[in-house]
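**Student:** Protein chains in written order, with the numbering used here: chain A, 1 to 293; chain B, 1 to 301.
Source of the hints: derived by calculation from the structure; they are not laboratory data. The beta carbon of each residue, even a glycine, is placed where N, CA and C say it ideally should be. Any given hint might turn out to be false.
Claimed, not checked - When the alpha-carbon atoms are kept at most 20 Å apart in a straight line, the in silico SDA-like pairs for lysine to any residue are as follows: (1) LYS291/B with PHE250/B; (2) LYS36/A with LEU241/B; (3) LYS36/A with LEU79/A; (4) LYS36/A with ALA273/B; (5) LYS36/A with ASN275/B; (6) LYS36/A with LYS291/B; (7) LYS36/A with GLY135/A; (8) LYS36/A with GLU171/B.
What the hints assert, rightly or not - Computed footprint of chain B on chain A; a stretch qualifies when at least three of its residues, placed anywhere within it, have a C-beta under 8 Å from a C-beta of chain B: (9) 84-93; (10) 274-286.
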Amino acid sequence: MSALELVQAVCDGLLFGATYAVIGIGFTLIFGVMHKLNMAYAAASLAGAYASLLVLHFVHAPALVVFVLAGAAAGVFGLIVYLCCFRFIPLAAPLAPLMATIGMLMLIDESIVQLTEGMPLPYPVLFDDVMLYLGELTFRGDLLLVFGVGLACMGLMLFLLYRTRLGLATRAVAQQSMAAQLCGVRLTRLNALTFALTGLFGGIAGAMIGASVGTLSPLLMLPVTIKGLIVAVIGGLGSIPGAIAAGLLVGAFENLFQFLRGVTERDIYVMLLLFVFLVLRPGGIFAAGRGRD
Amino acid sequence: MDFYLGLAQTLGVHALLGLSAYIVLLTGQVTMAQAGFFAIGAYVAGMLTVIAGWHIVPALAAGSLVTALVACAIAFPALRVRGLMLVVATIAFGEAVRLFFFNFDYQVWRGEIQVGPLGGEGFRQIRYFPEHGWSTLEVMLFIWGWVALALAALWWTDRSRTGAVLRAVGEDEIAAQSVGVNLTAVKVSAMTAAGAIAGLGGGLYAHYTTHIEQGSFTLVLATFAIAYPILGGLSSVFGTLAAVLFVQGFLVEGLRFLGDWRNLLFGALIVLAMNLRPRGLLDAATATRLKRLFAGPGGAR
Chain A
1 MSALELVQAV CDGLLFGATY AVIGIGFTLI FGVMHKLNMA YAAASLAGAY
51 ASLLVLHFVH APALVVFVLA GAAAGVFGLI VYLCCFRFIP LAAPLAPLMA
101 TIGMLMLIDE SIVQLTEGMP LPYPVLFDDV MLYLGELTFR GDLLLVFGVG
151 LACMGLMLFL LYRTRLGLAT RAVAQQSMAA QLCGVRLTRL NALTFALTGL
201 FGGIAGAMIG ASVGTLSPLL MLPVTIKGLI VAVIGGLGSI PGAIAAGLLV
251 GAFENLFQFL RGVTERDIYV MLLLFVFLVL RPGGIFAAGR GRD
Chain B
1 MDFYLGLAQT LGVHALLGLS AYIVLLTGQV TMAQAGFFAI GAYVAGMLTV
51 IAGWHIVPAL AAGSLVTALV ACAIAFPALR VRGLMLVVAT IAFGEAVRLF
101 FFNFDYQVWR GEIQVGPLGG EGFRQIRYFP EHGWSTLEVM LFIWGWVALA
151 LAALWWTDRS RTGAVLRAVG EDEIAAQSVG VNLTAVKVSA MTAAGAIAGL
201 GGGLYAHYTT HIEQGSFTLV LATFAIAYPI LGGLSSVFGT LAAVLFVQGF
251 LVEGLRFLGD WRNLLFGALI VLAMNLRPRG LLDAATATRL KRLFAGPGGA
301 R
């Protein structure tokens, strides 16, 4: 075990961490506008990736088309989750959407297990034969693609949030939904749009997970959900720069411990990382220092 | 007959899980840690009877105590965050416990065979009841004895000053704090009590199934645990008990003929129930109406 191998493991993890960052941003954004957790978000995203495989049944589509379709399908799933778990439940019952989305998570998970008979399905990969050498370090082409697409998703999300009227409305609702409504923001429409858009990016992240692992399996559902949630919490619920940093951190940390302690133990250390953050920085990475209340 | 006795055992253990979630929910905290507590209790009590050769009652007590200590330790960092962050923290805790037991090997020779937890294979041969000649009926009564004890303790707590303090924190933390309630102490105590009850349930579960493995302690189990008090409403412990009977007795056992589709239906049913009755099946308004119905005309105010 040399220092080089450690650095290599951290770099691979950082590249893969881009997917966690995108999923974490999705959790954070939905929390930001609705102040509720959508537990089914990662499941809906992966379901989108699954749905995009359907097109390969009919035509021989290039990998890029499949990735885009995954985003579109996950956007639709995001909208369905919104309609089933948030739209018709009164705001004053905070437990109900939480339980409903957990139910949705179980429903999506179980449907996929039933439809695929629990078998992992192969997912199209791109650039898996490309290798980039940088000094002593090697970078896998497919992981670089994952990282690049992840960065592009984050850039697009930040652009949407900070440079468009839709983003302005979203941020207004996150700050004060009543005031935003008084300024003419249509709350239901905006919420639905947020779910569809975060779903879209989540679907692309789901496709990236599939493309870097090479397969999609129902076993991914819960770990990705939990890591997305952990990323959102470590970054500070509601903070987008926090989610980006936390996603990369969790990716690197996970791969480092996979290298040091093996694949079965690595997730324990990710959970421990969460508890370290809860003790030392409960407000998230970029939270302003707060006095005791 | 044995089928119904076995079902009664499952109901008893799930009642303990539900009560564990109930007491934390009284303080307004939603935790998904019950599956982790349950696993710790199951492994500790199982190892004490199988490897150390203890009697079942001290083993259960020790399992419950260890779980309570873990719950107390986990409560301090977890309760620094409130509301939905706590859900995430406790989910992570539950998964960490599950993964810990997935990697946990501790086997000893006992006669001809090796016994003890073996990672992903699970922990087989927890044969205290068969070895000591307990019949299924006796085991069932033993489990329900503990359930009755926990129910009575919680019912009494609910009626005492302690119960009022718990509910005060659940209703409005700031109001409770302003009348001199120590929020941290109340929440950590509730979490510790929840750990003790769930650990007890885990110990009983390990002994009646004789085989435990990490795959039984997933998020699904935690969801069940928190679903009981939410469905049953928080007006009384008996709501939780009724929810356990309804979910495990009717939904899980009664719909077994649906086979694999049952699990699909389960998720859909939760979504539907939360849309139709967002405050629980037995919310405060319904409970009052029921009370009035049973009290008869003029009997209730």
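**Student:** Now, for every hint given, state plainly whether the structure supports it.
**Tutor:** Hint-by-hint comparison with the structure:
no.	hint	result
1	LYS291/B with PHE250/B	24 Å, violated
2	LYS36/A with LEU241/B	28 Å, violated
3	LYS36/A with LEU79/A	16 Å, holds
4	LYS36/A with ALA273/B	18 Å, holds
5	LYS36/A with ASN275/B	15 Å, holds
6	LYS36/A with LYS291/B	33 Å, violated
7	LYS36/A with GLY135/A	46 Å, violated
8	LYS36/A with GLU171/B	19 Å, holds
9	84-93	holds (count 6)
10	274-286	holds (count 5)
The structure does not agree with the numbered hints 1, 2, 6, 7 stated previously, though it agrees with the rest.
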